[in-house]
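Participant: Keeping their order, the protein sequence lines are chains A and B. Mapping of the first sequence onto my numbering: position 245 corresponds to residue 257, and the numbering continues sequentially without gaps. Mapping of the second sequence onto my numbering: position 40 corresponds to residue 88, and the numbering continues sequentially without gaps.
Warning: the hint list may mix true and false statements.
Non-contacting residues of chain A with respect to chain B, defined by C-beta distances greater than 12 Å in every case (computed) [what the hints assert, rightly or not]: (1) Asp92; (2) Ile149; (3) Arg194; (4) Ile230.
As a list, the in silico EDC-like pairs of lysine to aspartate or glutamate whose alpha-carbon atoms are at most 20 Å apart [unchecked claim]: (5) Lys235/A with Asp246/A; (6) Lys35/A with Asp217/B; (7) Lys95/A with Glu229/B; (8) Lys95/A with Glu198/B; (9) Lys35/A with Glu229/B; (10) Lys36/A with Asp120/B; (11) Lys36/A with Asp217/B; (12) Lys164/A with Glu231/A; (13) Lys36/A with Glu229/B; (14) Lys186/A with Asp225/A; (15) Lys114/A with Asp102/A; (16) Lys35/A with Glu198/B; (17) Lys95/A with Glu105/A; (18) Lys95/A with Asp217/B; (19) Lys163/A with Glu77/A; (20) Lys186/A with Glu231/A.
Simulated from the structure, these hints should not be mistaken for laboratory data. Even glycine gets a Cβ: it sits at the ideal position worked out from N, Cα and C.
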Amino acid sequence: MLFAKISGSNGAAAQHRIIASSKKSLQQFGFYHLPNIQQKVKFNPDRKLESDQWYYVELTTEQVESMLSPYLNNVSASGDLSKTVQSDYDVIETIYRVDDGKAIFTRITDSYRIRNKTLLKFHDTEQVEVVQEANSIEFSGDVHAYYDGAKKLYFRNFGKIRSMFPGIEEFYRKATQAEKLRFVNNVVFDNKGVDVDTIGQIDSRRIAIVLGDASIDIENVQKHPIIISAANRDADLLDLEIIENKITLNDKSDVTKVLKILLSRFYVSEITGQRMESYASSAIGS
Amino acid sequence: MAAIFTKILLSVSSFSGVLYFFVLANLDEKVKSVIIFGLAPLDNFAIRQVTYIIVFTLFALLTLALTRKNFDPEDTLQVIEIKPIESVAVPTYIGLFVIALGLNSIPLAISSVVVIVMFLFWVRLERIFYFNPIWLFFGYRFYEIKSDKENTYTLITKRDRLKGKQSLDSLRRINNYTFLEK
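Looking at chain A on its own, in the form it has when it is part of the complex:
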């Protein structure tokens, strides 16, 4: 079944509408189908995707309930929904299709809305025809998110799907003020008075990742020699001070450097022997 989610007016909750539900009416939406995902990459906003790659996030049962049930449940209660009407044109924010517990979603922004456009239509044997298009939605069947029915949500652009799934920000979490303070005051650092308010959004997110990554385990002092060793290797190039087995944090740029070290952004090329920096990193196969 094909549905539309429309924004609620005056602060009211969003509503859902039916676009097509019968086999006959769905036939014309044959172009809007499940994507063929070959390469799956666990969501990492720092990582750029190849053209055939999709991010995915694994959802808990509670997250499926809060983020996806408002969409999925409409299949078993379509009678509760009205069909789309002309006045919905302006407020449709998502078009989605649900089949056998799987769903695909397309976010509709203003750029998809066609308002009173005059088009020239060309024919081989006739003169050019002037066609007026009023209040239409351009819908090419691009899929922005895909739910596989097995607690995995796939997407390519987090910014595009953020508003469709309340609570998904959890996967793009930034460190709180307390977490930033906890990070810069870790005993592996010698904090010379970094103002955590100056730490930007990207580094705030990196701090959240570092603190939440059990494999980095920065709170574990037994891991600190490994961290110091990694920092020592690149300290001269990065202009990073390490005194008495503590990395000196003078300002926010030092925070950026240590975060990159902790996230394994620096490495030595085995081919060229050069010390390299990557813009993103992830364990192979993740």
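We have chain A already, so just place chain B on it with the hints.
Facilitator: Below, chain B without anything else, positioned relative to chain A:
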């Protein structure tokens, strides 16, 4: 387009009880001279009434068939409450029948206008509620159902003694508040 045409016929059919009493009270004498299929004129009162009833019944069957043809059984509902509503809807109809019968005391042109206005109101009403008393004779029941989202609808079904919470599927949407099962 077929769906709109079917909805108009559904409205006429559900209003046919009123039309029957209107014809009975206002036009029956004129119908006497009508000759059907080149046979004898309908001058026998009983034959006329049987003819009216057959016509309206066949028309109701036609609307039922068109509903099945033009409205796909595609909707579903999670029902938490269900109760029959014939006892509420039938008295409304009886009131309309009485009005139609009472129209014989005013000129035909005026009474025709009254019936047309009643029908137009009827059509408006049927955007949210559909009830066809003739369908009762085909074994259909009319229920008021409440969905798990607290919305209330009319369900028309052949199933008798429908009670309790249940999932309904294969519903044909007559309007946004009325569904015909299968």
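Participant: All the hints need checking, so say for each whether the structure fits it.
Facilitator: Hint-by-hint comparison with the structure:
no. : hint                   : result
1   : Asp92                  : 5 Å, violated
2   : Ile149                 : 22 Å, holds
3   : Arg194                 : 44 Å, holds
4   : Ile230                 : 47 Å, holds
5   : Lys235/A with Asp246/A : 18 Å, holds
6   : Lys35/A with Asp217/B  : 15 Å, holds
7   : Lys95/A with Glu229/B  : 18 Å, holds
8   : Lys95/A with Glu198/B  : 18 Å, holds
9   : Lys35/A with Glu229/B  : 17 Å, holds
10  : Lys36/A with Asp120/B  : 9 Å, holds
11  : Lys36/A with Asp217/B  : 17 Å, holds
12  : Lys164/A with Glu231/A : 30 Å, violated
13  : Lys36/A with Glu229/B  : 19 Å, holds
14  : Lys186/A with Asp225/A : 14 Å, holds
15  : Lys114/A with Asp102/A : 27 Å, violated
16  : Lys35/A with Glu198/B  : 28 Å, violated
17  : Lys95/A with Glu105/A  : 15 Å, holds
18  : Lys95/A with Asp217/B  : 17 Å, holds
19  : Lys163/A with Glu77/A  : 10 Å, holds
20  : Lys186/A with Glu231/A : 18 Å, holds
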